[in-house]
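Student: Residue numbers (my numbering), protein chains in the order written: chain L, 24 to 310; chain F, 24 to 310.
Read the hints as simulated data drawn from the structure, not as lab findings.
The reader is advised that the hints may include incorrect statements.
Heads up, the list lumps identical chains together, so a pair's fine if it works in one copy or across two of them.
[Unchecked claim] Pairs of lysine to aspartate or glutamate, DMTMM-like flavour, derived with a Cα cap of 20 Å:
{"no.": "1", "residue 1": "K150", "residue 2": "D44"}
{"no.": "2", "residue 1": "K134", "residue 2": "E102"}
{"no.": "3", "residue 1": "K228", "residue 2": "D288"}
{"no.": "4", "residue 1": "K253", "residue 2": "D288"}
{"no.": "5", "residue 1": "K306", "residue 2": "D251"}
{"no.": "6", "residue 1": "K160", "residue 2": "D188"}
{"no.": "7", "residue 1": "K310", "residue 2": "D251"}
{"no.": "8", "residue 1": "K309", "residue 2": "D251"}
{"no.": "9", "residue 1": "K150", "residue 2": "D188"}
{"no.": "10", "residue 1": "K228", "residue 2": "D44"}
{"no.": "11", "residue 1": "K139", "residue 2": "D116"}
{"no.": "12", "residue 1": "K178", "residue 2": "D188"}
{"no.": "13", "residue 1": "K150", "residue 2": "E161"}
Only a predicted model underlies this, so the values are computations on that prediction, with no experimental measurement involved.
Protein chains: 2
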Amino acid sequence: MNVALKTIVTINENIVEISRDLPTVIIGERINPTGRKAVLAALEAGNFDLIRDDAVNQVKAGSTVLDVNAGVPGANEVELLPQLMKEVMDVVDVPLCIDTANPEALEAALKVYPGKALINSVNGEEKSLEAVLPLAKEYGAAVIGLCISDSGIPKTAEGRLEVADKIIERATGMGIAIEDIVIDPLAMTMGADHLAGALTLNAVKLIVEKYGVNITMGSSNVSFGIPDRKYVNAAYMAMAIHAGLTCPIANPMVTEIRTTALAADLALGRDEYGMHWIKEFRKRKKK
Amino acid sequence: MNVALKTIVTINENIVEISRDLPTVIIGERINPTGRKAVLAALEAGNFDLIRDDAVNQVKAGSTVLDVNAGVPGANEVELLPQLMKEVMDVVDVPLCIDTANPEALEAALKVYPGKALINSVNGEEKSLEAVLPLAKEYGAAVIGLCISDSGIPKTAEGRLEVADKIIERATGMGIAIEDIVIDPLAMTMGADHLAGALTLNAVKLIVEKYGVNITMGSSNVSFGIPDRKYVNAAYMAMAIHAGLTCPIANPMVTEIRTTALAADLALGRDEYGMHWIKEFRKRKKK
Chain L
24 MNVALKTIVT INENIVEISR DLPTVIIGER INPTGRKAVL AALEAGNFDL IRDDAVNQVK
84 AGSTVLDVNA GVPGANEVEL LPQLMKEVMD VVDVPLCIDT ANPEALEAAL KVYPGKALIN
144 SVNGEEKSLE AVLPLAKEYG AAVIGLCISD SGIPKTAEGR LEVADKIIER ATGMGIAIED
204 IVIDPLAMTM GADHLAGALT LNAVKLIVEK YGVNITMGSS NVSFGIPDRK YVNAAYMAMA
264 IHAGLTCPIA NPMVTEIRTT ALAADLALGR DEYGMHWIKE FRKRKKK
Chain F
24 MNVALKTIVT INENIVEISR DLPTVIIGER INPTGRKAVL AALEAGNFDL IRDDAVNQVK
84 AGSTVLDVNA GVPGANEVEL LPQLMKEVMD VVDVPLCIDT ANPEALEAAL KVYPGKALIN
144 SVNGEEKSLE AVLPLAKEYG AAVIGLCISD SGIPKTAEGR LEVADKIIER ATGMGIAIED
204 IVIDPLAMTM GADHLAGALT LNAVKLIVEK YGVNITMGSS NVSFGIPDRK YVNAAYMAMA
264 IHAGLTCPIA NPMVTEIRTT ALAADLALGR DEYGMHWIKE FRKRKKK
């Protein structure tokens, strides 16, 4: 299909639309203790200055949706996640991508969220489908579906599509609009398997052809353990956007990430008269 | 079709294969007086030092085929082109892409060329088809077909495909193997038309789906007149390779060009165990 479904997320009066007809949305990834010791320490200490700065800086750098993750080992995520969100919402007014594996924390977060959030994430495991989809439905949130099933991460593009099939079927069957489902086909490192990147690009193609849904991924994962990652990340993100990626989860403060998304939009005719490119170029030069 | 046709070009004992199953071939673009005043002056003066250096440096930087163009206004290209080729062949042993609009110069060049050359180019105009295809056939060369017809450069992807249809039909009709035809769908600047890049990506997709032929283009053309060109060029080349570009005509000495081609190959599973990426990384670090 050539349909470009539109996912809408909001906060207060602000609306962000995600679609293959519109510029790429970079979901800012930095407010996450996983792999970022400074965020972990800040969350453990209950000191939110760093996190507030991360929020402001990511929005300045062009993110229009921010991922928020409070997964600190041993912490009470049910309390910490809403608190973290409050700190972020105090300083920026962009929709949030609520990133948790804990359904109770997810519900606590959805309860306090003033708008239509993006849930990160449900996956194809029975337990996850049963816990997360009812919350997405109840709170009217959009939801990211990860291509993992009860038997693990499929090792073929067709297998990833099958998990997407299952998530989409189950969600729409309970009345969640297909526009509110964003699929993450999982970007895995090519440092461990040199075919991993190609597999994910093929999965994107298959899923987009079949459903036209929006696609997210942590595209920089492909380069873990590979030298000169920035070049690999830039090329991979451009190719993934060409394949159908619409809202990568990434760090917008990395020049190559931001310029690649903008350049890809320009190359796909999504940046009328190149105005966006020119405007961001001027912003870069002022620094 | 999912066929990946293989174009073979040679010089003396050296063979270069171009195919979507193999790493991207960067056809080095620098030996061309168009837009390079130093090359123009060198050719006018009959001083080939710069050109010999350009040949050596492009091959060092990873080009396995070199474009050679002797189109100096007012010069006798029939003499100058073979002379230029001789100078290049003295210092490097990679197949040449013979770049001329002059059929007599082309024949003079093919006569002295020790192998199977790549002709740059024939196009869809009657005059060009009649002059160039018989030479490709007679000398057993591969040939680049530009998507220009008697009525100009088509303004749609389907129109570019129609010109490719015409060139392929005419060439194969006279016994040229389809593997020996490489199509250039024409990359035009997005500075003049912000939809120009998307149009060419779509044309690549259509042509590749229909024929599986190899695709070339001067992909950096898309960024003429646009600031911070290098980011646009890198993203566009990655997307074009994803769409089906196999042998861009580009400057391999520009880091972003070379790294993008290598990263795209890695991302498409064409670089087993990432060995190529690692090797080139080490080369860059040594500089």
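Student: Pop the pair K150 and E161 into one bin, within, between, both or neither, using alpha-carbon distances up to 20 Å.
Tutor: within (18 Å within a copy, 68 Å between copies)
Student: For the identical chains here, do K178 and D188 meet the 20 Å Cα criterion within one copy, between copies, both, or neither?
Tutor: within (16 Å within a copy, 38 Å between copies)
Student: How would you classify K309 and D251 at a CA-CA limit of 20 Å: within, between, both, or neither?
Tutor: between (27 Å within a copy, 14 Å between copies)
Student: At most 20 Å between CA atoms: does that hold for K310 and D251 within a copy, between copies, both, or neither?
Tutor: Result: close only across copies, 15 Å inter versus 24 Å intra.
Student: One pair to classify: K160 and D188, alpha carbons no more than 20 Å apart. Within, between, both, or neither?
Tutor: within (18 Å within a copy, 51 Å between copies)
Student: Is it within, between, both or neither when you check K228 against D44 at 20 Å Cα-Cα?
Tutor: both (16 Å within a copy, 18 Å between copies)
Student: Are the CA atoms of K253 and D288 at most 20 Å apart within a copy, between copies, both, or neither?
Tutor: both (19 Å within a copy, 15 Å between copies)
Student: Since the copies are identical, ignore which copy is meant and state whether K150 and D44 lie within 20 Å (CA to CA) inside a copy, between copies, both or neither.
Tutor: For K150 and D44, neither the intra-copy (34 Å) nor the inter-copy (41 Å) Cα distance is at most 20 Å.
Student: State whether the alpha carbon distance between K228 and D288 is at most 20 Å within one copy, between copies, both, or neither.
Tutor: Classified as both: same-chain Cα gap 18 Å, cross-chain 18 Å, threshold 20 Å.
Student: How would you classify K139 and D116 at a CA-CA limit of 20 Å: within, between, both, or neither?
Tutor: So K139 and D116 pass the 20 Å test inside one copy only (13 Å; across, 62 Å).
Student: Are the CA atoms of K134 and E102 at most 20 Å apart within a copy, between copies, both, or neither?
Tutor: Classified as within; 12 Å inside a copy, 80 Å across copies.
Student: Is it within, between, both, or neither for K306 and D251, if the alpha carbons may be no more than 20 Å apart?
Tutor: between (26 Å within a copy, 12 Å between copies)
Checked against the numbered hints given earlier, this structure breaks only hint 1.
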